[in-house]
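Which chain is which? The protein sequence lines are L and S, in order. Residues 196 to 545 in our numbering are what the first sequence lists, from first letter to last. Residues 120 to 635 in our numbering are what the second sequence lists, from first letter to last.
Please keep in mind that the hints were generated in silico from the structure rather than gathered at the bench. One should not assume that every hint holds.
Once the Cα atoms are required to be at most 25 Å apart in a straight line, the calculated PhoX-like pairs of lysine-lysine come out as [unchecked claim]:
(1) Lys251(S) / Lys282(S)
(2) Lys455(S) / Lys406(L)
(3) Lys539(L) / Lys516(S)
Quick caveat, the model's predicted, so the values are computed rather than measured.
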Amino acid sequence: MSLSTKLMPQNSRAATTSRVFLLILRLRIFLALFAVLVYFAVTTDRFLTINNLLIMAQHITIFGILSIGMTLVILMAGIDLSVGSIVGFAGMAAGYLIMEGIPIGDHVLFLSVPSVIVVTCLIGLVIGLVNGLLITYLNVAPFIATLGMLYVIRGAALLSNDGSTFSSLAGYEELTNTGFFFLGTGTVLGIGTPVWILAGLTGLAIVLAQKTPLGRYIYAIGGNESAAVFSGLPVRRVKLFVYAFSGFCAAIVGLIVTSQLHTAHPMTGDTYELRAIAAVVLGGTALAGGRGTIIGSVIGACVISILNDGMVMSGISNFWQMVIMGMVIIFAVVVDQAQQRLEKRVLVSI
Amino acid sequence: MAHEEGAEVVVETHALYKRYPGTTALADVNYRVYSGRINCLIGENGAGKSTLMKILAGADTPSDGHVSVRGEPVHLDSVAAAERAGIGIVFQELNLFPDLSVAENIFIGHELKRLSLISSSAQKQHASEQLKRLGLDIDPDTRLGDLYVGQQQLVEIAKALIKKVDVLIMDEPTSALSQTEVDVLFEVVRSLRAEGLAIIYISHRLEEVMNLGDHITVLRNGEKVAEDLIANVDIPWIVSAMVGGSAGEFENLPSSGHAPNFEVRNLTLKRTNGLYALDHVSFRAGRGEVIGIYGLMGAGRTELVETIYGMSRNAGGQIVLDGADLSNASAIKRLKAGISLVPEDRQTSGMIQGMSVRENMSLSSLPSYAWSRLMPWIRRTLEQRDAEGMISWLRVKCASASVPMTSLSGGNMQKVVIAKALLTKPKVMLFDEPTRGVDVGAKTEIYKAMKAIAEEGVTVIYTTSELNEVLAVSDRIIVMSTGRITADLPRTQATRDQIIECSAPTAGAAEALIFS
């Protein structure tokens with residue numbers, strides 16, 4: 196932001212106007228968040244209650260966490276359509292591990308809850324890794340590879356219990372594998388566990404994206420992959436990491452949702468990938484790659500979730516909700532294009 | 120003895136000028152094209168050949184002067200206008216659609232229609248006729264991508280011919296062809312001449328020109344410096360007309376006695392058509408030595424440096440740096456071992472447009488700015504310090520290291536790409552056409568920087584297709600032609616004529632002039 200102030204001629208009024216305008220455009224996702232909060236606080240009763248805010252925070256975490264993984268993928272000019280299916284499969288995996296256990300010979304192995312969480316996260320990671328391998332080593336376009344994986348993993352989730360759910364994941368007192376619900380519904384210092392997880396992952400991803408060579412490589416690959424190759428960057432390894440990370444985030448979401456519902460349903464997470472992409476786009480990340488921020492996407496997820504909950508609370512019909520949501524996404528991209536044009540103009544007017 | 124009596128001048132330019140900001144591409148060019156003749160156009164890169172042809176083909180407009188066709192002044196302000204005037208062009212790069220059929224390619228943009236639908240049968244019939252005229256016996260339904268490059272070239276010619284042109288411009292049509300394909304093409308060109316077409320033939324291959332042409336026009340620095348009947352001239356005449364009488368002053372004294380530390384042995388790389396892009400290339404380089412690689416388009420310069428850098432996976436041969444065999448190492452490992460590359464096209468392969476100058480500079484050496492492997496934070500102050508150091512050392516003109524890359528001029532962008540390679544602390548630095556698309560002032564600075572880099576003990580290897588530039592800073596000159604090294608000599612022993620002769624693809628100098 197210091198850029199525009201330094202480059203713009205100070206004496207020109209038009210230049211000052213466009214500078215202010217540009218600043219507004221750059222901060223638009225925060226303004227959008229503020230706007231939806233104020234709008235629903237004014238128009239809807241019980242919106243600004245602690246209880247409601249806590250519930251909304253739970254909803255935000257789901258798309259917030261998904262959008263973190265998705266942001267890294269999209270920054271790299273990729274796409275991951277398989278995250279919704281991974282959410283469902285991870286939930287089923289956790290349900291299976293808690294309720295059925297792993298049969299080994301005549302015995303059945305039940306893992307403790309922390310182990311179940313670790314194993315489930317690993318499963319998400321491995322599925323993401325397979326996405327990455329398909330894309331890097333077999334040269335499958337990211338859209339196709341992850342679209343295929345969307346079906347494969349959803350099918351696997353349905354197969355895992357023959358289309359049925361694993362209900363009441365309380366665990367068994369005698370096996371000491373209880374306590375799974377803490378992940379989704381527990382609180383630490385009065386704030387829900389999922390919110391802590393979202394905050395932790397957001398912080399981690401921001402540091403990764405902004406401060407480490409890996410993060411710089413992700414931006415570089417999305418900005419110009421050919422130049423990244425010529426610069427000697429480990430392009431394949433970076434891609435593998437990013438897709439694996441996206442799978443990992445999806446698995447965490449799967450655990451949280453399952454824990455909140457006390458039930459693992461094989462269709463959980465259906466079309467979540469589209470909402471995650473919408474949050475990323477709303478947050479100002481370019482689908483062409485190379486430009487965007489983690490925090491933008493997380494705020495984008497907040498806007499989408501609050502808009503959703505707010506519309507439900509003010510009794511707007513389900514059908515109108517979809518129309519409005521779609522228009523918001525398209526409007527966000529139109530505004531983004533306007534910002535890009537203005538950025539160029541400000542740059543040229545040096 | 121320029122004008123040929125008895126031959127009709129079909130196209131003539133009158134005092135043609137083309138000015139670009141900072142340069143004059145064409146100055147007072149009075150060019151004549153005779154019908155029923157093969158009119159050869161010769162000149163070094165940047166001499167103005169392409170600009171002149173673009174104007175005749177309607178792809179560019181002159182700043183001053185005009186063009187007349189059969190004595191009538193014409194306005195060639197679009198390709199369509201040029202086609203109406205009867206001028207067609209076959210570009211050096213094929214502009215074809217590999218997944219469409221031959222007939223569809225020939226009629227693209229000029230489809231034959233009946234009831235506003237494409238009439239495939241009529242297209243096929245006409246395509247067949249044109250192909251027969253060119254001696255190409257193939258089914259017009261064949262998928263274009265299944266043809267050999269030489270055949271594709273003929274399809275491109277057929278595409279120009281269906282527009283009923285009587286002037287056909289051919290821009291280096293043989294650069295991608297094998298010898299047999301060249302022979303076929305020559306027959307076609309001769310038969311078109313017999314039909315009364317005026318052929319404008321651009322080529323770097325002087326023997327081709329001698330063999331095929333009727334008229335020759337030589338451009339140098341945007342001016343027409345000579346024209347004559349081919350019958351009256353020989354290769355030395357052409358060379359001296361191209362490069363001018365002046366031998367040029369060598370500003371830098373070449374140094375010698377560099378301790379050899381880098382060796383390339385029998386490097387091979389095959390193109391998809393089975394021809395060698397690199398045909399057993401071997402050379403040695405010493406610490407602090409500056410080697411200029413000269414070659415025309417398609418000589419294999421880019422392939423050589425990219426293969427050395429590790430970008431070609433199916434290359435054969437050995438690459439040894441400081442006794443370590445890097446033949447099977449990936450580009451990432453070679454970069455770590457000390458080989459870096461400033462690629463030919465900085466926009467597509469050299470820089471990340473969306474990043475700042477600082478981020479671009481540090482991109483290849485980021486791990487060295489991290490605290491440690493476990494705590495891989497980039498130390499911003501170190502990164503900033505190195506970027507600022509590079510900005511002042513290479514004299515990059517930018518407000519600060521944080522400005523976006525896209526706000527820089529071409530020459531300064533190139534310096535940033537050089538800084539990126541330099542920050543990897545290389546032992547061997549490869550520059551692929553480092554001065555392409557930069558202005559004259561920046562060119563000098565870039566060559567000065569290369570010399571300075573060599574003085575730090577780095578082996579500098581650069582490619583160029585400009586004679587003055589290969590002579591400018593090199594200690595040694597390697598000339599390449601069709602994938603082979605045709606000359607490897609100290610600059611003190613190199614002469615312009617010799618370099619041009621060795622670079623000609625069919626020149627007899629294939630026996631290779633190698634001094635130790």
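Hint check results:
Under the criterion of a C-alpha separation no larger than 25 Å, the hint pairing lysine 251(S) with lysine 282(S) is consistent with the structure, at around 16 Å. For the hint linking lysine 455(S) to lysine 406(L), the alpha-carbon distance of about 22 Å falls within 25 Å, and the restraint holds. A C-alpha spacing of about 19 Å is found between lysine 539(L) and lysine 516(S), which places the hinted pair at or below 25 Å, so the restraint holds.
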